[in-house]
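Colleague: Here's the letter readout for the chains.
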Amino acid sequence: MAGRLEEWVDERLGWPSAIRSALLQRVPRLSWGHVLGSATLVTLIILILTGVLLSFSYVPSPDEAHTTVEYITQELPFGAFIRNLHHFGASALVVLSIAHLIRVIVHGAHKYPREFTWFTGVVLLLLVFAAGFTGSLLPWDQNAFWATAVRMRVIEVTPGIGDRLAGVLMGGEELSAVSLVRFFIAHVWVVPSLIVTVVVMHLRLVHKHGISGVPRRGE
Amino acid sequence: MNPDVTRRSFLSGAIAGIAGVVATLLGLPAARFLMGRAAATSNTDGWVRVAAADSVVPGRPTLVTATVEKQQGWVAAQTQVAAYLKTEDGAHFEALSNVCTHLGCRVTLQDGLVGGNPGFFCPCHDGLFDIDGAVVSGPVPAPLERFEVMVEKGDVFVRTI
Ligand code: HEM
Ligand code: FES
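Chains as they are written, first to last, in the numbering used here: chain X, 1 to 219; chain L, 220 to 380.
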């Protein structure tokens, strides 16, 4: 029965064989370090889910940003839980991405033919930083504001384009209501859609090349 | 060893089980989070002062309004409550809602609508109520809602929730 249903779906949509070919791969001898990529992915999924939930009750305006964040943590059921998952998940994503990167270097898994897997991974790491950078302004408290103000001064010293770049990011010469909306849209829309796109490319490459095993002496 | 349980089927089952636990631990809080707080809470016990008793003309329903503060999410919003107050003797009052029982538009008192007498007319779908709020014609399913009324020291209070 289940087999016939699966066949019916497979003939029409092709999902069962797509899932089988994605999951039922032969893998070489692996290490616990190999879980880091998947752990990064799961953390990313949790960040997206909690981020969508938070955005239901967050308003990106100077008058309301902090009020709504307080409302989420103080009033909404499980609001503190969801905000904390997002907050600490963001740090976990950075730590896990870097641990995953180190695992890849240690096993030499970035070499031929996996250069582009590595390259998309580097892009992902930068995007993860971008997500953290844009997200940390959103609570609009003293810490958020001044931490971002300091980072903007750092961006301004980029040779040549520094002032322009900071101006575009902030939508003006200093942090303002305009900046808050820009950071919000970058954080919930621009950066996540780029991350998801590049994660798909990254995973497609991992699947294409197969996972590389733990290298042995003499190989 | 149960020969029916292969390493593969055991692991698939374990993975599905763990995924289910994680989905529940995230999903239930997420659902409660989206439902928010059960209902908007009002800063009053429901009684709102709407008029001075002697401002209501006996024999003719008078529209009265008042502002109440309601907590809607993170905003303490001002919302209007409205009622038609009726009295014959200036001491006993009735309060009718001005919200049409069809689809919620606001009704207004107009003269000569019901056999030459005033009635409540709803412009949205031509709903018509008589001066006591009873259904006369149109798609309206029920009479206008009545609020509890009380008079205290010359002020009329209604309870709209
Ligand atoms: C959002 C961030 C990332 C996600 C979700 C992610 C996800 C994954 C997953 C699931 C794998 C499968 C193999 C494994 O677990 O080791 C993988 C492999 C790989 N990742 Fe990432 N990754 C991310 C960031 C990065 C970064 C920052 C780098 C390096 C700069 C990188 C480089 C690679 C490489 C080279 C492989 C192939 C390893 C192999 O075939 O053994 N990834 N990634
Ligand atoms: S809403 Fe009043 S008649 Fe339809």
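The hints are simulated quantities; they were obtained by calculation from the structure and are not laboratory data.
Computed from a predicted structure; not experimentally measured.
A virtual CB, placed ideally from N, CA and C, is assigned to each residue, including glycine.
Possibly wrong hints are sitting among the right ones.
Which residues of chain L face chain X? A partial, calculated answer using Cβ under 10 Å [claimed, not checked]: (1) Arg251; (2) Phe252; (3) Leu282; (4) Ala285; (5) Trp293.
Selected chain X positions facing chain L (in silico; Cβ < 10 Å) [to be verified]: (6) Ile46; (7) Val59; (8) Thr67; (9) Thr68; (10) Glu75; (11) Pro77; (12) Phe78; (13) Leu205.
Across the chosen pairs, the derived CB separations fall in these ranges [unchecked claim]: (14) L:Ala295 with X:Lys208: 24 to 30 Å; (15) X:Val190 with L:Arg251: 52 to 58 Å; (16) X:Val35 with L:Ala250: 25 to 31 Å; (17) L:Gln290 with X:Met201: 29 to 35 Å; (18) L:Gly239 with X:Glu174: 48 to 54 Å; (19) L:Arg256 with X:His207: 44 to 50 Å; (20) X:Ala147 with L:Ala272: 55 to 61 Å; (21) L:Ala353 with X:Val190: 30 to 36 Å; (22) L:Val370 with X:Trp189: 39 to 45 Å; (23) X:Gly14 with L:Asp345: 51 to 57 Å.
Colleague: All hints are to be evaluated individually against the structure, with a verdict given for each.
Modeller: Outcome of the hint check:
1. Arg251: holds, 4 Å
2. Phe252: Holds - the Cβ of Phe252 (chain L) comes within 10 Å of chain X, reaching about 5 Å at its closest.
3. Leu282: Result: violated, 34 Å to nearest chain X Cβ.
4. Ala285: Because about 26 Å separates Ala285 (chain L) from the closest Cβ in chain X, which is outside the 10 Å limit, the hint is violated.
5. Trp293: For Trp293 (chain L), the interface hint holds, since the closest Cβ of chain X sits about 4 Å away, which is under 10 Å.
6. Ile46: Given a least distance of 7 Å, the restraint on Ile46 (chain X) holds.
7. Val59: Check passed: Cβ of Val59 (chain X) comes within 8 Å of chain L, closer than 10 Å.
8. Thr67: holds, 5 Å
9. Thr68: Holds - the Cβ of Thr68 (chain X) comes within 10 Å of chain L, reaching about 5 Å at its closest.
10. Glu75: holds, 6 Å
11. Pro77: holds, 4 Å
12. Phe78: Result: holds, 4 Å to nearest chain L Cβ.
13. Leu205: violated, 24 Å
14. L:Ala295 with X:Lys208: 24 to 30 Å: This hint is violated: roughly 56 Å between Cβ atoms.
15. X:Val190 with L:Arg251: 52 to 58 Å: Because 30 Å falls outside the window, the suggested range is violated.
16. X:Val35 with L:Ala250: 25 to 31 Å: holds, 29 Å
17. L:Gln290 with X:Met201: 29 to 35 Å: This hint is violated: roughly 47 Å between Cβ atoms.
18. L:Gly239 with X:Glu174: 48 to 54 Å: The hint (48 to 54 Å, Cβ to Cβ) holds, given that Gly239 (chain L) and Glu174 (chain X) are roughly 49 Å apart.
19. L:Arg256 with X:His207: 44 to 50 Å: Check passed, 45 Å falls within 44 to 50 Å.
20. X:Ala147 with L:Ala272: 55 to 61 Å: holds, 60 Å
21. L:Ala353 with X:Val190: 30 to 36 Å: Check failed, 59 Å falls outside 30 to 36 Å.
22. L:Val370 with X:Trp189: 39 to 45 Å: violated, 56 Å
23. X:Gly14 with L:Asp345: 51 to 57 Å: holds, 55 Å
When the structure is compared with the earlier hints, violations turn up for hints 3, 4, 13, 14, 15, 17, 21 and 22 and for no others.
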